[in-house]
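S.K.: Top line first, the protein sequences correspond to chains B and Z.
Under my numbering, think of the first position of the first sequence as 1, with each following residue one higher.
Under my numbering, think of the first position of the second sequence as 1, with each following residue one higher.
Possibly wrong hints are sitting among the right ones.
Derived list of chain B stretches under chain Z, where covered just means 3 residues or more per stretch with a C-beta under 8 Å from a C-beta of chain Z [stated by the list, open to error]: (1) 22 to 36; (2) 161 to 173; (3) 245 to 255.
Only some residues are given here: those of chain B computed to face chain Z with a beta carbon under 10 Å [stated by the list, open to error]: (4) T124; (5) P131; (6) G194.
Keep in mind the hints are simulated off the structure, nothing from the lab.
Where a beta carbon is used, it is the ideal one built from N, C-alpha and C, also for glycine.
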Amino acid sequence: MRDTTRPLPFATAARGVFDLTLDGMVFSRRSLLMGLLVAAPMAFAVLYRVLAATRGQPPLGPTDLYALMVAVYWIRNVLPLAALFYATSLVADEVEGKTLTYLLTRPLTRASIFAGKFAAYVATTFTLALPAAVLTFFILMTAPTAPPLAAALADLPRDLGVMLLTLVAYGALFGLLGVLLKRPVIPGLVFLYGWELLANVPGYLPRFTLTAWLRSLVPYRPAEDGLAGLFQQVLPAGQGLAVLIFVSIAFVAAAVWIFSSREYVLDQ
Amino acid sequence: MTRSRLVFFAAMTVVVVGVAAGVGALWLNPARAAVGPLAGAALILPADAKYVMGFDVKRFAASPFYERFKAERGMKPDALAELEEKTGLNPARDLDQIVVAGTGVRGTTGVAVALGSFDLYKLGRAIETNGKARGTSYEGVTVYHFSEESKPLSIALVDESTLVFGPADQVTQALASRTRGEAPLKTNAALMARVEAIRPGSTFWMVGDQSLLASLPTSIPAPGATAGAGSISLPALTGLTVTGDLDPQVSLAITGEARDAAAAKNLADVVRGLVAMASLQAAQKPELQQLASAVSVTTQENRVLVSARIPYETLDALQPHRPQAVQSTPAPAAR
């Protein structure tokens, strides 16, 4: 018999919240929009193959196109954007919809609520992004002008790992913004398209961005114009992995702490 | 199971199947290389090599680059041209890959391993008919020595998929290593570490170590400086890796290793300066603007990575314009 004066164990509670949140997240308008955005490279890849078959080889090779998709499209732009829209709303949506009370009055610890919601965010974005990356890889790398598939395949698990790390690191940061601020989307966008540009300046400043560490984990360096082309640095991969794991844990821990200690007064 | 979990597991299945297919293909691929892009048969090349380069002949012959420039002089690598001249091989048909290793000492030739599918009988007949080579047998392998040059060159018809070509002493050394089951090149740890880092599938690649690079210039003239007045000193390179592809555009990735991060930064600044100067020239030559934006320079600890993607249109624009053919009209007869 469970002691009803005590909250549910962390794992059981987090799993319950995960199930509940996953249902709401996967089948939502937001997921439809994000799914289209995240899976767009698959359509580009198909179009590329059709163009290559009908009009001759396009100027960009399949390997270069895949590199561009991974380094610029997913890791730099779309996955952080997906993290922004999902992770900032983990708690903010409940506050806005005035449904947070229903969660907080259950016998669940706040840490388990946040953990369950964060796990659901990771699972949802994983569901949208990683299969699209796998299929894009195979569509492009089986093109006649691509290098031998066996040679390129070693890159796939690493690319998927870096994409997952992108979702976790940005998700942790935006999850923190979500519990800290009432309107976190604008500051999040400013961070993504303002602060993160520091990754392109010389010196030590790129180390204060997430994108510089993330792009150092993939070997793709598409030629870029402007500052990025002139001063792009590749930071040590081992250090990058450690920094990203550390900041992800730190941001999630900070978010849990703030969520656990904050008083939520819902407007009537 | 809820609908959302079903979707999640379906997505995970796609990812797991993709990764498993990848790992499976990697293991089951019979032609997988021994070290990076280097085939196992090429490991009989000498251990004291200062550079190793590989050349995917099939990809090269199928590239737009070959199609455009095949008539140009110096288009073929020396090893390939010599092999073709001496044996009557058709590189596009018979050769898959050529690996050359050498010491880079002036006046010496590297030794090459050619991989492909060869009709040894026809090849032997062609060489013998030529009359310039003397055939012997060494370690059970037919070796032809071409004696008309100042430096004796030899070709060993190892088997239907392997030929070894180069200076006679190095060819026989390679054959001896093969018989003993040794892989001398693999003992050159510095070069092998660099070869291992090369992604297989490039049309050409090259790695060189410190001693090969010692002969490189240590300074270049400063822009605008009069002769001997000013120069930019270049940090010494301790290693160099070049990989490239020729289809659908010319892609080059050059990795230079400097002594430390500061030297790498200096070197990167020099390269960036050159790229910036090319950009400044764009007012006179718009094609240089394209070239400058096609190059990216990055640093990674003690390494400088230069990658360039040059479309063939830019290469065409950079070609010196050939004078138009003069119409050969007969001169009017003097009256």
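S.K.: Does each hint fit the structure? Answer for all of them.
M.R.: Verification of the hints:
no.: 1; hint: 22 to 36; result: holds (count 5)
no.: 2; hint: 161 to 173; result: violated (count 0)
no.: 3; hint: 245 to 255; result: violated (count 0)
no.: 4; hint: T124; result: holds (8 Å)
no.: 5; hint: P131; result: holds (4 Å)
no.: 6; hint: G194; result: violated (22 Å)
The structure does not agree with the numbered hints 2, 3, 6 stated previously, though it agrees with the rest.
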